[in-house]
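Trainee: Starting from the known structure of chain R, fit chain F onto it as the hints suggest.
Here the protein sequences come in this chain order: R and F. Using the numbering used here, read the first sequence as starting at 1 and increasing by one per residue. Using the numbering used here, read the second sequence as starting at 251 and increasing by one per residue.
Treat the hints with care, since some could be wrong.
[Claimed, not checked] Simulated coverage check for chain F against chain R, where a stretch passes if three residues somewhere in it have a Cβ under 8 Å from a Cβ of chain R:
#: 1; stretch: 683-691
#: 2; stretch: 702-708
[To be verified] Here's a subset of chain F near chain R, in silico, CB distances under 10 Å, partners left out:
#: 3; residue: P529
#: 4; residue: R531
#: 5; residue: T694
#: 6; residue: Q697
#: 7; residue: P780
#: 8; residue: R781
#: 9; residue: L783
Think of the hints as simulated: they come from the structure by calculation, not from any bench. For each residue, glycine too, the CB sits at the ideal point set by N, CA and C.
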Amino acid sequence: MTHTWELEARQLSKQFPDGTFALQDIDWRVKQGETMALIGESGSGKTTLLRLLNRLVEPSSGKIFIQGHPITNQDPIALRLQLGYVPQDGGLFPHWTIKDNVCLVPHLLEWSPEQQQNRFNTLLPLVNLDPTHIADRYPIELSGGQRQRVAVARALAADPTIVLFDEPFSALDPLTRHELHEQFLVLKSTLHKTMVVITHDMAEAFRLGDRITVLKDGRIHQIGTPQELMDTPATSYVTSLIQHHIGYPH
Amino acid sequence: MRYWLSNNHHIPVTPVGGLLKTLFLALVLLIWASPVLASANSTIIVGSKNFLENRLLAEMFAQLIEAQTTLTVERRLGLAGTQICFQALTTGGIDLYPEYTGTGLVTILGETPMRDPVAVLNRVRREFRQQWNLWWLAPLGFDNSYALALRRDRADTLSIRTITDLTEVAPQLKAAFGYEFIQRADGLPGLKQLYGLQFRNVVGMQQSLKYQATDAGDVDVLDVYTTDGRLAVYDFIILEDDRQFFPPYDAAALVRGKTLEQHPELSRVLSLLTNALSPERMQELNLRIQEQGEAIPNVAFDALRDLQLVQKGKSSASTTQQDSTSLFSYMWDRRMPLLVRTGEHLGLAGLGLLLGTTVAIPLAFLLERWRKGAETMIRLIGMSQTIPSIALLAFMIPLFGVGALPAVIALWIYSLYPIVRNTYSGLRDAAPSVVETGRALGMTEWQILRSVRLPLAAPTIMAGIRTAAIWTVGTATLAAFIGAGGLGVPIVSGLQLADVHVILSGAIPATILALLVDGLLGWIEYILRPRGLETP
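Next up, chain F with everything else stripped away, as it sits in the complex:
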């Protein structure tokens, strides 16, 4: 047997030693990438949801902590929605994030809306502390409520000023609402129930794109945040909530109790922002990001500087972004951060694919030996492909927190199916008559697997890995939803800013990356294709 193995038959298998080494390296990287394990005690992880105001507040928290304490701050901004943020907080994936009292009451606690801001604050404070040891710090001074809004001219034509007025004409109108608003009890479902609202048509739309949609005359009614700077720019009026449906949404920092115990200075520092931001001030700040294209860190710095909470003139990031610059020069200006994002992206996708390959190929070998259960097993793995990525991430946050680890695990799960399927089919169907001859001439099943089935299946296996690679590189953009970086970050924030340059600065490198990876794997496939097989 030793002799057999030592002879060269152009057998394209990774040496076992090399495989182990790769596996070990992957594990080391995984542990390194794990936010849960890596977060040292002196590091505070600030999270935010994936809309601008929340990011801005989180950035202000982060800069304030950096300026006023010796703690290191890690930013995990743009997590996909309330549930993911909240799960990340309860599991320790992040230490704090900006939350709104009404959201805490209705979305997280699942209670019915209340009108009195103080009652709402007291209620969420007590429940969050008792249930999860989470602490609501003092509100920042503004209520960013949900509201329904129309263009002023449209409202005049229809002569409506309140939501009750709207109910009359709603069957002729088209509404564009955020996806979360469509689902939330304090959003569309509750509104329908209380006011009996029925629109002609409701479409789900990214918050930032909605104003432009009304510009184009495609939609009439929007859900808006009352602190949105664009309300004034686009000349919108907020319809009066005459039956007092929307609860107060006072913004405040929501912090882990454990973090506050370890770093008592945090509550002192964060309380410097108590009642520091008026609704008008928030509208101004939001507008600077939304319409003037200023970078969030700069706006956050200015806001803190005006409150004399940070030193003057310390802002480091570049100033305003020019709308007129070409896409190329925009990307060239940001080549270093984009390169870092590309590196992150490649790391996430590569690690997911590597883990997928190291699990899927041996699994397919086992299934080839155990064919009775193979199809069922492969179908089960196939089902994992159909789980929407956000849902998969939501499942994973309680287990793995936020950051690179759950992203890599999600990508790993997504990469399994094409590799298992192709490897199994390739091994099973490899030239049956040749396999039979090998057996008849006295080869053992292991020798046949290693020297006949595997090399003959190599092109099919590589095709599976290629499919998985393209899929993984494409899907790695989802990492942005759970604060794991990658090219999804410019794509997601570009969507929020409704800025095509920003979106493309993520999408173009992602596409190029996918093409390069495909080309590279195609080349490897060519190298691994055993000589003597026809080229396709």
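Chain R with its partners taken away, still in its complex shape:
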């Protein structure tokens, strides 16, 4: 192998106790600095794949590598501290201030209070929020869009090389979603992180992803750039997805 992938899954399977497969024989790679969109219906295995990456679940067989090293070589906690994570609803701790929320991982990594404060001050403008104005407020005092920005800031706080997004924008109204898409693309071009974004919205996948992985029933139907998916859909399922979702201008 000439190229070391940032993220790689080999022959990855996850079987439930009842015998059904959440994922079956997955071979999957993500380049450094690439944004990979994971699309599929619920039950397709996309969330399981994400949870396997940060070892919230362990595979039944197969292996996952980060920068060529098996993730099982590392303690799960240490691994997770290196991976940014943005859940669907922000997942902010309602009883913590915005600053405490954003500084969670630096805090766990035992950064000094000054370091945390500096990081907070530089991060918030990146997601279009005013650090002084918002630091001591609680999540409930913010709008849904603001909360999601805070969640992104929190994921980036300890400057991870890989950030995982689990349907990060699906709970937002269309206008806010559009705004956050723009913001996401700005961050992508400035920060050069490797990002995995789960979505069930083909339009979003097309917009955000450098490449797209189409999953159905635990198997990969196609991996490719938006253009490749449009030009040569590998299966009828991919065709139907594209027809269904790209039927309108965006």
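Mentor: Okay, now just chain F, sitting in the frame of chain R:
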């Protein structure tokens, strides 16, 4: 990790040091409260059952011992029934109490009734000494038998004078019997068997309320004590026990053999009452308490003074209680004793709740980590809630004696369920997506428990503690049944006296206490509610 713990995230947990201190304090208090451990050698604990005559006799024993010896007397009066008194005696929770020979024979020994008083006395003396090293002192001179009674006018109308006569008309009559009488072999079950008695309806009723019920015409036949002063006042006639069912119930002091060994003077002093009280005298004394509302200690003192067993004019307690006084002035007059009762009540309930909380919350934490067995465990704890309080106390007396200790333990058991249930559910169900995010970002399970689950569950946990607190304050009235004091004392004795003022003087402070405790805990709940959570 040290850094993590040192950072302030508004995490409402009791510091471990403080918790230990509280626990230690609770233990010290518990030991202090334990009657078994606390009863010094020179202290005699006099017990009584929860009816007036028995209390009066116990009070007479107590005053007599105080007057004639150097011993200190502790009173545990109004224990709930024969079984609890007897268990307390065999386990050393009390040293003596007034008992009746017939009750000893039938209820305690489980033998069939006998007619001859001397034979009954000899029988119980031998058996009690051999089985439990308990000693029946010489009888006091009166037989307080059970009997069936009717209003004289009613008996005339029906023209009945004997229980056999009653059998004829019983299917048209309604009877009100004491709860113990309904159960005892020498009570209703035996009567039914011997006479074939069948009433239209039998209701269980507190002894003291029954006379008033006949006044209102609600019931016809009562079980009565033959020394009851109210028989004359309410113009009742006792039906002749023509088939000689009821055994003799000669009153006597029943004393622990060990106590008599340690304090030989006791048997000499108590024997001063041998044959000192005639049935008529007992009726008079009982009547003074029942109808004239005199305080038991005063009546006991007068009875002893008339027998020249105590010095004249030494009675200290206030004299008669005025029926006409308002509830407020009644309670105001007794504000100090009521305050003491309230303090006892709060102490019992507080200690029970404190122990409940210190056990239930860590237990719920363990169950949250071990969810497989959690539901089963919580259901088992829930079952303890369904045990009637008297039954629970009866289980506990052989283990812990009488007094504050078993009461606190009972309250502790009752307080567990709501706290365990709420703490467990609160921790388990605390914002699952937030918990998942914490995990995905690299928090350990312990950090999540401490910094996420616990603060988010705090309002639910406090709600559980509040439920337990109300429940405990309410249930602490049961302490009166086992001589542990509290506001149950005026409630129980008020029921025996059928005196609404006395009942309310316990019930009103108990209600206020429950409201105050609820308010206080509500305030704590408000303080502990993490900022950033919606207020309900």
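Trainee: Hint check: is the beta carbon of R781(F) less than 10 Å from a beta carbon of chain R?
Mentor: holds (6 Å)
Trainee: The hint names Q697(F) as touching chain R; please verify it with the least Cβ-Cβ distance against 10 Å.
Mentor: Holds. Min distance 8 Å.
Trainee: Report holds or violated for the interface hint on T694(F), using the least CB-CB distance to chain R and a cut-off of 10 Å.
Mentor: Since the shortest Cβ distance to chain R is 6 Å, the answer is holds.
Trainee: Under 8 Å between beta-carbons, do enough residues of the stretch 702-708 of chain F, three at least, approach chain R for the coverage claim to hold?
Mentor: holds (count 3)
Trainee: Should the hint that R531(F) touches chain R count as held when the rule is a Cβ pair under 10 Å?
Mentor: violated (72 Å)
Trainee: Mind checking the CB of P780(F) against every CB in chain R and telling me if the closest is under 10 Å?
Mentor: Since the shortest Cβ distance to chain R is 3 Å, the answer is holds.
Trainee: Verify the interface restraint on P529(F): the C-beta must sit less than 10 Å from at least one C-beta of chain R.
Mentor: violated (73 Å)
Trainee: Between the stretch 683-691 of chain F and chain R, are there enough contacts, at least three residues with CB-CB distance under 8 Å, for the coverage claim to hold?
Mentor: holds (count 8)
Trainee: Any CB of chain R closer than 10 Å to the CB of L783(F)?
Mentor: holds (6 Å)
Checked against the numbered hints listed earlier, the structure breaks hints 3 and 4; every other hint is satisfied.
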